[in-house]
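When you get a sec, could you build the whole thing from the sequences and use the hints?
Just so we're aligned, residue 1 is where the sequence shown starts under UniProt numbering, counting upward by one.
Treat the hints as calculated values from the structure; they're not laboratory data.
Take the hints with a grain of salt, since some may be wrong.
[Claimed, not checked] Lysine-lysine pairs mimicking DSSO-like chemistry, simulated, CA-CA at most 30 angstroms apart: (1) Lys62 / Lys46; (2) Lys34 / Lys62; (3) Lys54 / Lys78; (4) Lys108 / Lys139; (5) Lys16 / Lys62; (6) Lys73 / Lys89; (7) Lys107 / Lys136; (8) Lys54 / Lys64.
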Amino acid sequence: MGKRKSPTNDNDSGKKYKRPPSAYSLFIKSAWEKEEKKESFSNFTKGCAALWAKMTDDDKKKFKDEASVLKEKWDGEKPEAKKSDSKKKRTPGPYIMFCSDMRAKIKKENPDFSMTQISKELGRLWNELTDEQKAKYHKKANEEKEKNNEEEGKSEVEEKLTKKNEKSGKDAKIPVSS
1 MGKRKSPTND NDSGKKYKRP PSAYSLFIKS AWEKEEKKES FSNFTKGCAA
51 LWAKMTDDDK KKFKDEASVL KEKWDGEKPE AKKSDSKKKR TPGPYIMFCS
101 DMRAKIKKEN PDFSMTQISK ELGRLWNELT DEQKAKYHKK ANEEKEKNNE
151 EEGKSEVEEK LTKKNEKSGK DAKIPVSS
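Below is the structure:
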């Protein structure tokens, strides 16, 4: 097993914001500082766990208050998490497009069907389609994929030609469609 990463948040400045300690962690830290450190830390924490379990809420209040103050401070310092826009939009496949077209119709015809039953019915109907009937959805999916690739800046054809020509060392020749 690999080493677990500590929970941190990165931002543009490169500063890492480490999550504040819990009340229990503050209790362990406080007790460890007072300890003479004669026993191992694992044995020490087992004893602390038993002691923490026996403590009343009033005894724990000091640690809980300190933890909440540290959490509020941390919440104020850490930046809001950014959403990644770099992830490429994934286009739905032909079966998904078929399902989106047919789901409402099946639900209308069978209002008592559960989502599982609707999904099973969609699968059955898809399997009953001929290749010619499925071609409509394949064409629709390919058009959607091309549209998304064009929005990305390159069409699928350009990407394939670029990769192919990089391997062979030739200049890219992109066919022009009329």
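Against the structure, the hints come out as follows:
For the hint linking Lys62 to Lys46, the alpha-carbon distance of about 21 angstroms falls within 30 angstroms, and the restraint holds. Restraint check: the Cα-Cα separation between Lys34 and Lys62 comes to about 16 angstroms, which is no more than 30 angstroms; the hinted pair holds. Between Lys54 and Lys78 the alpha-carbon distance is near 35 angstroms, which puts this suggested pair outside the 30 angstroms criterion. Pair hint Lys108 plus Lys139 holds up; C-alpha atoms about 27 angstroms apart against a cutoff of 30 angstroms.
Taking the CA atoms of Lys16 and Lys62, the gap is about 27 angstroms. The hint holds against a cut of 30 angstroms. Our distance criterion of 30 angstroms between C-alpha atoms is broken by Lys73 and Lys89, whose separation comes to about 37 angstroms. Taking the CA atoms of Lys107 and Lys136, the gap is near 22 angstroms; set against the 30 angstroms cutoff, the hint holds. This hinted pair checks out: Lys54 and Lys64 have alpha carbons roughly 16 angstroms apart, not beyond 30 angstroms.
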